[in-house]
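Produce the entire structure from the sequences given, and follow the hints as far as they go.
These protein sequences, in sequence, are chains W and H. Numbering follows our numbering, in which position 450 of the first sequence is assigned residue number 453; successive positions increment by one, without gaps. Numbering follows our numbering, in which position 101 of the second sequence is assigned residue number 136; successive positions increment by one, without gaps.
It cannot be assumed that every hint is accurate.
Cross-link-like lysine-lysine pairs, in silico, DSSO-like; alpha carbons within 27 Å at most [claimed, not checked]:
#1 H:LYS128 / W:LYS332
#2 W:LYS391 / H:LYS262
#3 H:LYS216 / W:LYS313
#4 H:LYS262 / W:LYS313
#5 W:LYS391 / W:LYS269
Residues from chain H that keep clear of chain W, each with C-beta distances beyond 10 Å, as calculated [unchecked claim]:
#6 LYS128
#7 VAL239
#8 ILE267
Just so you know, these hints were derived from the structure itself, not from any lab. Glycine included, C-beta positions come from ideal geometry on N, C-alpha and C.
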Amino acid sequence: MKLKQAFTKISLKLILTVGVVTIGIISVYSFLSIQAQRNELLSQAEIYANKLSETIRNSTHLSMLENRSDQTHNIINTIAQEPGLQEIRIFNKEGRIIFSSQKEFIGEMVDQKAEACYACHTANEPLERLPMEDRMRIYDSAQDSSRILGIINPIYNEQSCWEADCHVHPAEQKVLGVLDVKLSLKDVDAQIVSSEFRSIVFAVIAIALLSLIIGIFVRKWIEKPVNELVNATEQVGTGNLNYVIKDLGSDELGLLGKSFNNMTQKLADARLQLFQSDKMASMGRLAAGVAHEINNPLTAVLTYSSFLLKRVNNPEIEEDLKVIVRETKRSREIVKSLLDFARQSVPKKSNANINEIISNAVAVVDNQLSMKHIKLDKNLEENIPLFKIDSNQMQQVFINLLVNASDAVQERSGAISVASRIISLTPYGTLQIKNAVCSKRHSLMNEEMKIDGKPSIKLKLVQNGKEGFVNLDPTYGKNRDKYGIEIKSSEQLQISCPKCNISVVDKDSSCPKCKSAVYTFEVPPRGIFEGCINPQCDWQRWSFVDEAGVRDYVEIKISDNGSGIEKEDLPRIFEPFYSTKGQKGTGLGLAVIWGIIDNHDGTINVESEIGKGTTFTILLPISQSA
Amino acid sequence: MTKDEKILVIDDEQVILNAVSRIATAEGLNVDSDNDAASALKKLSHKEYSLILCDIMMPQMDGFIFLDEMQKRKILTPVIMITGYSTVENAVKSLYKGAIDFVPKPFTFEELNSAISRGIKFYRVQKGIEDAKFRNDKTSILYVPGPPKYKRLGNLSWMNLQSEGIAVIGATDLFLETIEKLVNIELMEIDAEIIQGDSCANLVTDDELIHRLLSPVGGRIIERNEKIFKDINLLEKDPYFAGWIYKVIPSNMEYDLKYLVPFASDRM
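Encoded structure:
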């Protein structure tokens with residue numbers, strides 16, 4: 004089973020295939036190389052033998068002419084001293100050996116069937132002319148295992164021969180005899196064997212090394228990334244969408260890893276949003292249920308107290324009843340605001356003094372703070388103009404934040420500070436687009452993809468047949484856009500409304516920074532918004548708010564020196580039902596606060612350090628119109 | 036209010052029944068109560084009431100089924116819904132289904148009182164129409180319906196969509212007939228956002244009651260009729276034209292239109 008599993012592995016298959024092919028190629032190469040070397044060595048031996056044979060013939064020529072056989076013997080014997088020379092012999096036309104370096108053979112007849120004679124006497128008829136290559140033959144010697152290279156050199160009749168004094172050879176005779184030189188191939192064979200051995204060793208080492216290298220790289224480039232991908236897929240399969248594949252390089256598998264990460268990121272985002280909207284829906288149901296339950300007892304309290312207030316004549320009791328009626332009315336506003344948040348409806352705004360609201364909120368929690376001996380610093384800038392806010396909701400925001408702060412600090416050593424001041428900010432980087440429409444008046448706002456908690460602006464992108472979407476950051480100048488497809492240049496790029504496909508590209512202009520295409524849409528009632536589609540470029544223009552210039556904001560900071568919030572909790576604290584207080588809280592407080600501030604076109608941010616404290620910063624625009 | 040007016044209160048919460056009964060009795064009304072809509076329907080078959088106050092969210096038979104049943108049995112007694120904030124949409128829906136008004140819970144003594152007062156008046160106007168029909172008297176006009184292309188929220192407020200996408204809103208003549216003489220009107224600021232079915236103006240009458248006018252559409256107020264501050268009677272004199280109250284940019288017209296009734300359908 005394990006073996007079968009091992010054979011199904013892609014890396015093993017790859018290694019085996021490449022290995023077999025490599026072994027084949029190296030084997031063939033080695034074989035050919037050995038062949039070539041063998042031939043080369045043999046041909047060298049042949050050339051040597053040939054030259055030797057010629058030398059012998061030439062040097063014996065004279066003594067032959069003079070018919071001095073002893074001298075011929077001497078020459079042959081001298082040359083035969085040469086190492087590796089097996090035998091030199093000359094036999095006449097009949098095949099009788101007339102000279103030989105080994106004297107015992109002189110006078111013997113050569114067997115024409117023997118290997119040495121075979122070349123000429125195949126057809127029992129001696130040849131007169133023999134091509135060079137056929138004069139050679141290699142055969143195994145009878146004495147030992149070494150091979151022998153024999154070369155025959157026919158001695159042809161020449162004028163000088165038949166005119167010689169001895170008159171041995173008649174003029175019509177063509178071949179006078181044959182010089183046969185036998186060279187032992189012992190050395191050459193040894194060389195061939197050793198070079199064969201070298202080649203085989205080289206081939207084996209090369210195959211082993213290549214296999215090793217292929218193995219290592221297959222492991223590094225294929226097996227590891229593939230294992231990582233398989234592992235990641237399993238992780239995602241079990242629901243762990245936070246699993247991130249570490250960098251797998253820039254090859255195809257690396258790109259696969261990156262797009263896998265991108266996919267899980269998208270999945271995680273989608274799941275979070277689903278989760279979030281699920282939470283919101285269940286919160287809405289819960290709030291509706293709670294409101295219905297709490298409304299009945301509140302109705303009884305409010306009707307009876309207001310009825311009594313109408314009828315009572317005692318001024319002291321009247322004052323007390325007024326408090327009951329007022330506070331019950333406030334309770335109903337709180338219940339209503341909770342529902343307003345669940346339904347995302349609009350606040351009831353009227354001109355109000357923010358400092359007064361802060362002071363009222365402080366007065367509510369003051370008692371609780373002094374009981375715990377927590378110090379409270381109030382540093383409110385005077386002369387903040389009145390501006391439109393829902394006093395009830397805003398008071399609820401401050402009470403909530405102050406109660407949170409008092410829960411976070413230590414008794415006695417705890418300190419909370421509240422500060423308000425006017426600051427001027429440019430719309431760039433602060434102002435949020437809350438409504439965007441294409442030229443056919445379709446809304447481009449996308450509630451599903453939120454950037455920094457705010458609904459994004461969704462546009463459709465089409466390039467080279469590829470289709471995707473971009474979710475633009477609704478905060479002017481922040482550019483935390485989320486691109487669904489990769490765009491390299493804005494050439495042949497269509498940008499359009501996802502609903503009606505009408506183009507949102509401004510054909511008459513291009514980005515002043517990078518010359519890419521410019522998208523444009525209306526932000527009713529705040530004019531036209533333009534931006535560069537290039538993900539690397541941050542150019543945006545919102546003339547309407549730019550012309551309005553800097554805006555005045557009230558900045559309210561509520562700080563404490565309490566326990567702080569864990570860094571990983573920070574991004575989630577404004578989510579509904581997210582609570583660090585365990586059983587103590589519902590987890591709705593900050594979500595409601597966020598909703599209220601958002602409904603006032605404001606922003607709320609939090610900074611926190613463990614053990615040092617937390618600061619909530621609220622920015623509320625004073626001028627509403629821009 | 037006259038002593039012999041009889042009203043019926045339906046709510047599944049005893050404490051609400053007690054509270055409403057207490058107030059209505061103190062105002063000199065004859066109060067019957069029931070904590071179940073089905074048994075209240077039985078009461079209606081052999082007793083006549085001037086007004087019914089009914090909760091929407093109730094176990095078994097809810098307020099909507101109750102309204103449907105009333106229509107089926109051709110009982111014309113005016114119904115005011117009393118409902119929690121969680122169901123403003125439901126309240127608007129109940130107006131569409133034939134309720135004449137609604138009071139969101141929790142309410143004060145004054146809020147309930149002004150609603151009951153309007154309900155009783157409504158009953159009388161209704162009676163007057165029936166009597167006139169009975170006598171075949173076509174000359175007596177008890178209230179003026181709005182122009183046919185106007186649309187109304189229940190019988191309380193009207194809305195006219197102008198060509199530029201702006202909605203003009205005002206109070207219906209029938210609503211103004213159910214309140215005493217106007218002495219003051221409190222309006223919301225320009226740029227304020229209003230919601231369909233939520234209060235958009237307070238009408239103060241000479242009997243010291245404050246009547247909330249429920250907005251027929253949701254949106255942002257862009258203009259108020261400042262003339263009615265100078266002459267409050269403009270409202271009653273010409274409720275559909277010179278007596279308009281707000282001009283609004285509707286925020287969700289399509290949705291709001293679902294529960295509005297064209298005046299044209301009243302003339303058939």
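Here is what the structure says about each hint:
1. H:LYS128 / W:LYS332: Since the Cα atoms of LYS128 (chain H) and LYS332 (chain W) sit roughly 26 Å apart, the hinted pair holds (cutoff 27 Å).
2. W:LYS391 / H:LYS262: 25 Å, holds
3. H:LYS216 / W:LYS313: 22 Å, holds
4. H:LYS262 / W:LYS313: 33 Å, violated
5. W:LYS391 / W:LYS269: 39 Å, violated
6. LYS128: Nearest chain W Cβ is 15 Å from LYS128 (chain H), so the label holds.
7. VAL239: It holds; VAL239 (chain H) is separated from chain W by about 16 Å at its closest Cβ, greater than 10 Å.
8. ILE267: Its Cβ never comes within 10 Å of chain W, the nearest being 23 Å, so this holds.
Of the numbered hints stated above, those contradicted by the structure are hints 4 and 5, listed in ascending order.
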